[in-house]
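S.K.: The chain contents come next:
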Amino acid sequence: NAGVMQNPRHLVRRRGQEARLRCSPMKGHSHVYWYRQLPEEGLKFMVYLQKENIIDESGMPKERFSAEFPKEGPSILRIQQVVRGDSAAYFCASSPISGTGAGNTIYFGEGSWLTVV
Amino acid sequence: GEDVEQSLFLSVREGDSSVINCTYTDSSSTYLYWYKQEPGAGLQLLTYIFSNMDMKQDQRLTVLLNKKDKHLSLRIADTQTGDSAIYFCAESGNAGNMLTFGGGTRLMVKP
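Top to bottom, those sequences are chains P and Y.
Quick note: the first sequence, position 21, residue 21 per our numbering, numbers continuous.
Quick note: the second sequence, position 82, residue 82 per our numbering, numbers continuous.
Certain hints may be false.
List of simulated lysine-lysine pairs, PhoX-like, C-alpha gap at most 25 Å [stated by the list, open to error]:
1) Y:Lys-67 <-> Y:Lys-56
2) P:Lys-44 <-> Y:Lys-36
3) P:Lys-44 <-> Y:Lys-110
4) P:Lys-27 <-> Y:Lys-36
Source of the hints: derived by calculation from the structure; they are not laboratory data.
Just chain P, same shape as in the assembly (with noise of 0.2 Å):
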């Protein structure tokens, strides 16, 4: 059972370029959430999606950062116009069922470090 997939794992953007990150939840998961790590710094909640729904964004920076997670296909974190501010490692995870409160049923991804040069 792989566990989650999160590509790419590295990514260069110049300012003002796009970047996407993607994130396949493990098999049976259907609810998925982004976290940022800025450097030297511990990781921040962004978003919560289970398929097709955004169900908690409260972390998502207003503008230029949006994410989905389609009926089919992976769950995408999009960046728009990238600032060198958002040069960060970006962490998804997946859970089989919703919140935190079975324990260990949080599983995180290796991560996308992304420069912005």
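Chain P is fixed; fit chain Y onto it per the hints.
M.R.: Relative to chain P, chain Y alone:
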């Protein structure tokens, strides 16, 4: 809002015990977690504790929770060089959908 704090750095000698501390502010936290992150890698869940427990042991790992003081610790017995990594404390509160992470403690194990 919720806040989770950790010291930045800990250095120990191989074979000694390591104790990594964490404080949190959300009194409604239900689960508290410890994750390990090696350089350039994702997060590995080490262990977690439910908020109505005060201790959990799993092989070399012991988690202590003082709910009154909102203090969580992770003890690693017989620390090895392979334990060198960044350790993150995280909590899940009432919202349930998100984890709030501390800034991480970098553990360095000297041979």
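S.K.: Look at each hint and say if it fits the structure.
M.R.: Hints, one by one, checked against the model:
Straight-line distance between C-alpha atoms of Y:Lys-67 and Y:Lys-56 comes to about 14 Å, which keeps the hinted pair within the 25 Å bound. With a C-alpha separation of about 16 Å, the suggested pair P:Lys-44 and Y:Lys-36 falls inside the 25 Å cut-off, and the hint holds. Simply put, P:Lys-44 and Y:Lys-110 have alpha-carbon atoms about 30 Å apart, too far for the 25 Å limit, and the pair is violated. Restraint check for P:Lys-27 and Y:Lys-36: the C-alpha separation of about 23 Å stays at or below 25 Å, so the hint holds.
In terms of the numbered hints stated before, the structure departs from hint 3 and from no other.
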